[in-house]
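Student: The sequence shown runs 1 to 468 under my numbering.
Calculated from the structure, these hints are not laboratory results.
Be aware that a few hints might be false.
Calculated cross-link-like contacts (lysine-lysine; reagent style DSBU-like; alpha-carbon spacing at most 30 Å) [what the hints assert, rightly or not]:
id, residue 1, residue 2
1, K371, K255
2, K324, K255
3, K356, K260
4, K260, K194
5, K194, K255
6, K91, K64
7, K372, K260
8, K194, K91
9, K194, K47
10, K260, K396
11, K396, K372
12, K194, K324
13, K324, K356
14, K259, K91
15, K371, K259
16, K372, K255
17, K194, K259
18, K260, K64
19, K255, K130
20, K64, K130
21, K396, K259
22, K396, K255
23, K371, K324
24, K130, K194
25, K47, K64
26, K324, K396
27, K371, K260
28, K356, K372
29, K371, K396
30, K260, K324
31, K356, K371
32, K259, K356
33, K91, K130
Derived DEER-like restraints, expressed as beta-carbon distance ranges [said to hold, decoys possible]:
id, residue 1, residue 2, range
34, G244, T188, 49 to 57 Å
35, E204, A151, 17 to 25 Å
36, P132, G61, 25 to 33 Å
37, T136, D200, 22 to 30 Å
38, A155, T293, 42 to 50 Å
39, S377, D200, 55 to 63 Å
Ideal Cβ positions, reconstructed from N, Cα and C, are used throughout, including at glycine.
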Amino acid sequence: MPRRVRPRTLTVSALAAVGLLSAVNGALTGVGSAAPAPAVPPDTDAKASVSVTCPFADPLGARKITAETSATLPAQAKTGTSATIREFTTKLTLPRDVALSLLPAGATTGSLQGGVDVDLAVHQGDRADKVPVPLTVPATPLPETGDVTLAATGAVPEIALNTVGAVTFDVTAPTLSLAAVPAPGVITTEPAPKIACTVDPEQETALGKVLVLPPVTPGTKDKQQEALADGPAPGDPPTEDEFGVPLSLVTILAKSTVKKLGATVTSDPAFLFNGLFILNLVTGDSRVTGSTTFNPATTTFLGFGFVPVTATVEFLPVDYRDSKVIEIAGNITTHADDQTYLDTTLQVMARLSNAKVNGVPLDVGPDCVTKKAVELSLNGPYEAFGVGHIRTDEDKGFELPEFTGCTAGGQDLAPLLNGMSSGPGNQAFVDTYNLIVCTEPDDTQCPDGSNGPPEGSAAAKKAVKKTN
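Let the sequences and hints guide you as you build the complete structure.
Tutor: Structure below.
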């Protein structure tokens, strides 16, 4: 059973968070074991450097030292699971005279060892707790000159959180138990004196952050959509009850089929910018917002089944005369199979240009566009920090409206194009994948997902086809 810790009230102004989760009733944190957290999104390297004042024995007195804590933190987790804070290290920089004072009287060389006790301060709203983390300093020889750096390492206990939302972990002042390494054959029974340091005021102490997501609760799409209808619209900015997590390096691969033409239009990879995963901290509902632009795509088909036609197709926003940016927003729901799904509706205009009929250029003008927006209602399996495969309804598809403004030499070509292409039963497919950031100079050491969509995914298969 996780150790229950009575929460204390503390108001905090900044929310940054790292979380290790398991189901604990009533307590903010606990120490114990639970199921591993899902691998989304990638872990992050976090650091916090603070100046502390330590009351050393006379004649040194109170002295300032630097404590730099680093760790590998999970960026996100769900209640009912746990994750691990790895590679937790606190480096202490001791002035040389302080280090020499810990050696036997008169010694100018030697080594130091001992322990360092720190607490991780856990905050969520007005609730707070502290988790003790014992660290060990191995035997470290003093350099010939200059300050002395001691690296204290240790394992962080598993921490259980049961409250959805943003949680912060802050570093606190260390308590030092340092002493000289005894000479060979000398046995020391005296424990090193404890020196309780304090953090100097007006410093940033946050170590890292995580968003604690609610557990997956299977439910019908209709019920969840009904509940979401009472909240903010998918494209609205986060409310005071919501917490937004930026999405980065999300790649979008789009493909559509036009039933009448028997043609497939595959767009070049596009990117989601200003992407945001938004979690409602009260209801647990989530949604995504973002923007994208699609490059023009060239497709070839047989007009009326026998005339070879090549044309450039663009998908543009409704206000395409003033903008090229298409806004994307959708709600995330959980179906009975425990899989999360994205529901979104896109409004886009389709424009044709650079047409060739049987190899002969056909000028359709600069404003050969659909009379009204193409409405794409898309749904499918989706992970905001992983891979998504969404598409139009297999039976209904979408309707391609009639075109307007298509002229060549004063002749209206819209009826010709409408006869060839406009109508219902068309399909659209969109794959998304969240590209993991890699900072390794050797790309063979990068994590999976940093060089493209995961192997075997629809996005990966498309990428291979485009390469070939």
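Student: For each hint, tell me whether it holds in the structure or not.
Tutor: Now the hints, each set against the structure:
| no. | hint | result |
| --- | --- | --- |
| 1 | K371 - K255 | holds, 22 Å |
| 2 | K324 - K255 | holds, 19 Å |
| 3 | K356 - K260 | holds, 18 Å |
| 4 | K260 - K194 | violated, 81 Å |
| 5 | K194 - K255 | violated, 66 Å |
| 6 | K91 - K64 | holds, 14 Å |
| 7 | K372 - K260 | holds, 19 Å |
| 8 | K194 - K91 | holds, 17 Å |
| 9 | K194 - K47 | holds, 25 Å |
| 10 | K260 - K396 | holds, 15 Å |
| 11 | K396 - K372 | holds, 19 Å |
| 12 | K194 - K324 | violated, 64 Å |
| 13 | K324 - K356 | holds, 25 Å |
| 14 | K259 - K91 | violated, 65 Å |
| 15 | K371 - K259 | holds, 19 Å |
| 16 | K372 - K255 | holds, 20 Å |
| 17 | K194 - K259 | violated, 78 Å |
| 18 | K260 - K64 | violated, 77 Å |
| 19 | K255 - K130 | violated, 51 Å |
| 20 | K64 - K130 | holds, 24 Å |
| 21 | K396 - K259 | holds, 12 Å |
| 22 | K396 - K255 | holds, 17 Å |
| 23 | K371 - K324 | holds, 18 Å |
| 24 | K130 - K194 | holds, 20 Å |
| 25 | K47 - K64 | holds, 19 Å |
| 26 | K324 - K396 | holds, 28 Å |
| 27 | K371 - K260 | holds, 18 Å |
| 28 | K356 - K372 | holds, 24 Å |
| 29 | K371 - K396 | holds, 21 Å |
| 30 | K260 - K324 | holds, 28 Å |
| 31 | K356 - K371 | holds, 22 Å |
| 32 | K259 - K356 | holds, 20 Å |
| 33 | K91 - K130 | holds, 20 Å |
| 34 | G244 - T188: 49 to 57 Å | holds, 55 Å |
| 35 | E204 - A151: 17 to 25 Å | holds, 22 Å |
| 36 | P132 - G61: 25 to 33 Å | holds, 28 Å |
| 37 | T136 - D200: 22 to 30 Å | holds, 25 Å |
| 38 | A155 - T293: 42 to 50 Å | holds, 47 Å |
| 39 | S377 - D200: 55 to 63 Å | holds, 57 Å |
When the structure is compared with the earlier hints, violations turn up for hints 4, 5, 12, 14, 17, 18 and 19 and for no others.
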